[in-house]
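In order, the protein sequences belong to chains A and B. Note that my numbering has the first sequence beginning at 1, numbered continuously upward. Note that my numbering has the second sequence beginning at 265, numbered continuously upward.
The hints are simulated quantities; they were obtained by calculation from the structure and are not laboratory data. Because the structure is a prediction, the values reported are computed rather than measured. Where a beta carbon is used, it is the ideal one built from N, C-alpha and C, also for glycine. Be careful, since some hints might not be right.
Partial pick of chain A residues on the chain B-facing surface, computed with a CB cut under 7 Å [to be verified]:
| id | residue |
| --- | --- |
| 1 | A58 |
| 2 | L60 |
| 3 | L79 |
| 4 | G80 |
| 5 | L84 |
| 6 | P86 |
| 7 | L90 |
| 8 | P93 |
| 9 | W94 |
| 10 | Y135 |
| 11 | A138 |
| 12 | C155 |
For each label pair, taking beta carbons as the anchor points, the in silico distance ranges come out as [claimed, not checked]:
| id | chain 1 | residue 1 | chain 2 | residue 2 | range |
| --- | --- | --- | --- | --- | --- |
| 13 | B | E537 | A | W180 | 33 to 39 Å |
| 14 | B | E537 | A | E113 | 43 to 49 Å |
| 15 | A | R88 | B | L319 | 55 to 61 Å |
| 16 | A | Q22 | B | E424 | 20 to 26 Å |
| 17 | B | S361 | A | Q22 | 29 to 35 Å |
| 18 | A | Q187 | B | A285 | 56 to 62 Å |
| 19 | B | V350 | A | Q22 | 42 to 48 Å |
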Amino acid sequence: MSQAACTVEVSDLIKAFRVNGQPLRVLDGVNLRADRGTFVTLIGPSGCGKSTLLNIVAGLQHPDQGQILFDGVATGDRLGRVGLMPQRDLLLPWRTVLGNALLGPELHGEDPEAARRDALSLLPLFGLQGFADSYPAALSGGMRQRAALLRTFLCRQGVLLLDEPFGALDALSRSGLQEWLLRVWQQFGYTVLFITHDVEEALFLSDRVYVLTERPARVCLELDVPLSRPRERAITLLPEFALLKQQVLAALAGTCPDETGRPR
Amino acid sequence: MNSTTQQKRSADPRRLWSAYAPPAALLVLFILAWQCATWLWQIESYLLPSPADVLRAGVEARGLLSNHVQQTLRETLLGFGLALLVGVVLAVTIDLSAFLRKALYPLLVISQTVPIMTLAPLLVIWLGYTIWPKIIVVALMCFFPIVVTTVDGLSSADPEMLALLQSMGATRRQVFRIVRVPGAIPALFSGIRIAVTYSVVGAIIGEWVGASQGLGVFMLRAANSFRTDWVFVAIALCSLLSILLFTVVSVAERLALPWYYTSTRAERWEEIEGEA
Ligand SMILES: Nc1ncnc2c1ncn2[C@@H]1O[C@H](COP(=O)(O)OP(=O)(O)OP(=O)(O)O)[C@@H](O)[C@H]1O
Ligand SMILES: [Mg+2]
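Looking at chain A on its own, in the form it has when it is part of the complex (with noise of 0.2 Å):
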């Protein structure tokens, strides 16, 4: 059932809300690459449509213009296409860890049995042992977020869209998390799509990082990430770090030069 990973091609994305009856224009004219198995990973200001993006190319909302290309096909029917964690964890209260977990497989009308297999033996990975039972009233939240990061992963697809998964948490639990997510995500090898607020983050994990304008949102910055992998926490002290930190942290405060070559 498991689908293999594939490049993800996001071309001249344009979209536009009506709020209030005048027209909010939220992308505009994105561009962006993710090829097979890497880990990209956008980062921009609150609000300018990182969230719309990711819902677009999970085939949820739909674009004024633009196209979203799977292995360098355009692809209008995206729902089920690829594993969505949402910004919230949005688990369903009334299933256990383990209920939560199996949701894909459910949906996908999967042997149960083996379903169920599956994810028994991947709990201890995802730091869950001993809570498959646990509602999700009784999780914290660094395990809620976990539990979510499970679901996602037993979807099965090869393309992960990560909404801030760890947005909500203290630096201490997030830095354990994100270590645990490039094991995680080495071991199975998808193209992840991955949203953050924290350049650190953004840098430790990917191999590319896009830094989006304020709304209406345009890529300012395209950042290739050449460090090696995997990628000890020790590496956020290095200067080639601290270099590539500066450049996303002086395109955020928006004086990277737009095409024209002049400062914005």
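Starting from the structure of chain A, add chain B with the ligands where the hints point.
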């Protein structure tokens, strides 16, 4: 973890006590005042029997009462069951179709403005002196809260949750079964709790219009022969039946919704109330 489970065990009797002691104390106080009043002012028993009189009358009539109670309970349960069935079916229908929602909802509201007391004799004319008029009166009184709360429950699903399932490739039917129905169950239970408290009264009203057995009949006969003490016995039994049914529903709710009544939730409430 350890300390919370211990806390829970020691808190349980305390919680029970704090829930039931105040109403029980008030009830006892009320009965005492009543007893004293009848005694002090020498009120005639056919006007207002003392609690002791009522108790004595209840013991005296217990052989007679058991059949009446059974009949009323039967009508209540059958009527309530019908209301539950009809209520849930209507709620789902209203939820599935925007057209039916517009068409049915106002009619349901209007149905509640018809006084039951005028409807009951008609039901007897149509259906005779059978159990059916009583069942239908109970059902008429009970189905409305069930429909309203269940419709609200079904439409209260989180849109983002629905979108998430959509993104996972779920069909409409799967979304309904996996998200919307389970999410509506707490609301359904709220409706059931309201409905069940009306149900016994519904059966009594049904019996007043025409029946040969039941607490309502017993009540009428007692009133006609100025056995005010028996009237009070019947009233007390009605209350007891209602409380019993309410308790059964509450217990069923707790068993059916373990995720809703988690100990974490109860403890948080306690903490918040403790701080206030
Ligand atoms: N369905 C919608 N209808 C109207 N406006 C919308 C809708 N969805 C999003 N918006 C608007 O689009 C803009 C971008 O929203 P979006 O959720 O994509 O931001 P974001 O970059 O994810 O922000 P954050 O980092 O705070 O999560 C916001 O101004 C928001 O108000
Ligand atoms: Mg967002």
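What hints, given by number in increasing order, does this structure fail? none
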